[in-house]
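J.: Input sequences plus hints: build the corresponding full structure.
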Amino acid sequence: MDSVASILIQVLNGLQYGLLLFLVASGLTLIFGIMGVINLAHGSFYMIGAYLAFSLTSAFGNLFLALIAGIVLSVLLGLLLERLLIRHFYHRDHLYQVLLTYGLILIFEQLRSLLWGDDVQGVKVPELFNHSIPLTETLSYPVYRLVISAVCIAVALGLHGLIRHTRLGMMIRAGAHNREMTEAMGINIRLLFALVFSLGVALAALAGMLAAPVSSVYPNMGSQVLIICFVVVVIGGIGSVKGALVAALLIGLADTFGQVYLPQISGMVVYLLMALVLIFRPEGLFKKT
Amino acid sequence: MHPHSRTLGVVLLLALAALALFPLVGGTFYVQLITKVMILAIFAMSLDLLVGYTGLVSLGHAAFFGLAGYALALLQPKYEPMSIFITLPAALALCAVFALLTGALVLRTRGIYFIMVTLAFAQMVYFVFHDTALGGGSDGLYINNKPLVGWGELTLFDLENRTSFYYLVLVLLVAVYLLLRRVLASNFGHALQGIRVNEHRMRAIGFPVMRYQLGVYVLAGVLAGLSGYLSAAQFGFVNPEIISWHQSGAVLMMVILGGMGTLSGSMVGAFVFVLLEEFFKDDTVFGAVAKHWQLLMGLIIVAVACFLPRGLIGLLTRRKRDAGDA
Amino acid sequence: MLEVSQLSKHFGGLRANSNVALSVRVGQIHVVIGPNGAGKSTLINMLSGDLPPTSGSIKLDGREIAGLRPDEISRLGVGRSYQKTNIFSSFTVLENCRLAAQSRAPQAWRLFTPADRHAPAIALARHAIAQAELDGREHRVASTLSHGEQRQLEIALSLATAPRVLLLDEPLAGMGAEESMRMVALIGKLRSDHAIVLVEHDIDAVFALADVLTVMVEGQVLASGSPAEIRANPQVQAAYLGTEHGHV
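Residue numbers (my numbering), protein chains in the order written: chain A, -13 to 275; chain B, 46 to 371; chain C, 236 to 483.
No wet-lab data here; the hints were simulated from the structure. Be aware that a few hints might be false.
Per the computed footprint, the stretches of chain B lying under chain A, defined by three or more beta-carbons under 8 Å from a beta-carbon of chain A, are [said to hold, decoys possible]:
| no. | stretch |
| --- | --- |
| 1 | 150 to 159 |
| 2 | 170 to 177 |
| 3 | 297 to 306 |
In this text, a Cβ means the ideal position worked out from N, Cα and C, and glycines have one as well.
T.: What follows is the structure, given as structure tokens:
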């Protein structure tokens, strides 16, 4: 019984990690797919979310309010960045987008260091969820982790609904396929892109805020997440939110089980997966939605 | 010869003369600094070959830099030097094999995908050295002796001497520059530039594009390995951070800052980048902010991306680049 | 020399080409015409290797080439020009053609000898430039050429690979009357040494050049034969010539 329970725990952990990855990766893939912009600083938004959770939870004493405030702030940050910088790089070579966003990473990292310092911080799990569900006599599973998964699933469903069933979603899909045509139809591409970018930022920040209580808040968390998300997007296919979900869950599970059963090479498992996909399907598992 | 090339030739010769004479007037610190700049100039030129001439934006070039450094650290015995004629070819061979194997995979992708997978493969190498005991983990390894330029009992010159090391690096820098000039002017080099400008048409006129890209990827990897080897030998230390994407990002910045697609630009870029880094780190100028020098560097990088796409060389030469130009 | 049979291309439910057949030999110009959406571009793309066929056969001198990569097909002696100008804009005219010629050179992998001194490639390039009537424009950067000259360069690029088969996709695209006449004359001169498949909309050019005509409609061959036969064919008149271009 115990071994079944421990496997169940790993599965739940893997899914939870994968769902968080999906949140970040979906923003990344939308920004890539719809705006054609490669954004290395996407991991920084995850980090910013976590640090915001840290500060805002101390300020409000409550993770919920912190989440709401944090999302609002991240959307504002996204709009600001898009307006000032990103907007000027849509038509430019990916090379310069890489350079720009690499510079942004450095700036965000140092601003974070100036504002919050370099120590590892913790965020308390909200009292409401701060207990565990017993699985067996000795093993139990933290409720908060289930909450994280639930929120991510809700967001995933929300995204699906947004893209499939709303006007904005239709514009997103149209914009993904043919920018000129979309412009010709009178859809305000500028506004669309600004919204998509801010959505991406908010998703990444939300993931960081949700993850903060379980994974701590520390300096390099952004870079780590980013590269894994790149792999998620490569495997899932640029522009495909569905692909990002499948790939993120796959990687979440592979990484979690890898760490438990093959700790020496667990870091490599993800890249081996990517190599396999590259050999057989270089454009990713799913093409653009 | 265009007047432009002649001016460039004169400037380069003057720079060479200045570099050759520098150790006679410069202090130890500056000799070491310029050595570091020259090594990074080789690194930057190897990346420019990919980015500026072939149009392949690699964000994982630090992998070769690090692999060669670790090869030296692992091959050379702990307390005695080993012949450079063993360790250097071995390090370069390792880079060549890695480039061949990963190149065959990454070159199946294009555009954004290519950028991401090159980064991911470099991260893979980073994790191999960071997470395993192979290379001393996150602590890294010390290289207690400079490589022996000689064989057995015969020593040609002593690399422990900073000036000798400086001149070795200078000779290699000039050799790499001339080699790349030659390669870029050849049929192969012209094909690379064709691939950058219009890959589709290159296929249509009969070029097996993948083979050329793989060839230049290996060449670039080997040259990056050369610079990584020299860097490890200079500092006597390797750790996973030399494979980090900060390293890959920094060298990309050097290439663009100097002027992409001009070999001399990469050398200029390396020089300016290192100088800026030293300047920003100087706490006599920046006080407490010096600890956060990367913030200033980040601002410069953003500024270059926004306002200086053709780099510093581009400021000087307003003309558009033709095929085969410097 | 070039024999196409049963060639088909399906994109999911869309049948872009169904059972297309045509053949052409050296000294012949085979023109393919048809309304927009007839599948002419798909056909050319399959012949040049830009698109793999779903089924069917393309034989070059008896050798099956269907499904080969574009660079392989090019090296077997097939040259192609594109409807949308597809040149190396930042290179000079000479460099454009020299590059194409280089792909035929046996020493394409030489790493140390300057390309500018590689005489065979330069000679072949100059020959192609002359055939495309671009003499005197050698050292102009391609992007500074007029539209008509760029279309000539488009053809020169395919000629510089010394092909035996030429696939010309709407070479007259975007050209005025005078330029078109010169291009028609140019292509006519190429007839004796090449087997040419020509896709065109310009009816005057079509009838001036065609030895054989194939009319395509909705992915299928409607009729194929000599220009006189085609002109007289009532189905063709109804589907294409009569309705779109007034009297013929």
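J.: All the hints need checking, so say for each whether the structure fits it.
T.: Hint check:
Coverage of the stretch 150 to 159 of chain B by chain A holds [criterion: at least 3 residues with CB-CB distance below 8 Å; count 7]. Counting residues of the stretch 170 to 177 of chain B whose C-beta sits closer than 8 Å to any C-beta of chain A gives 5, which meets the bar of three, so the coverage hint holds. Closer than 8 Å: that is the beta-carbon criterion, and the stretch 297 to 306 of chain B has 4 residues meeting it against chain A, so the requirement of 3 holds.
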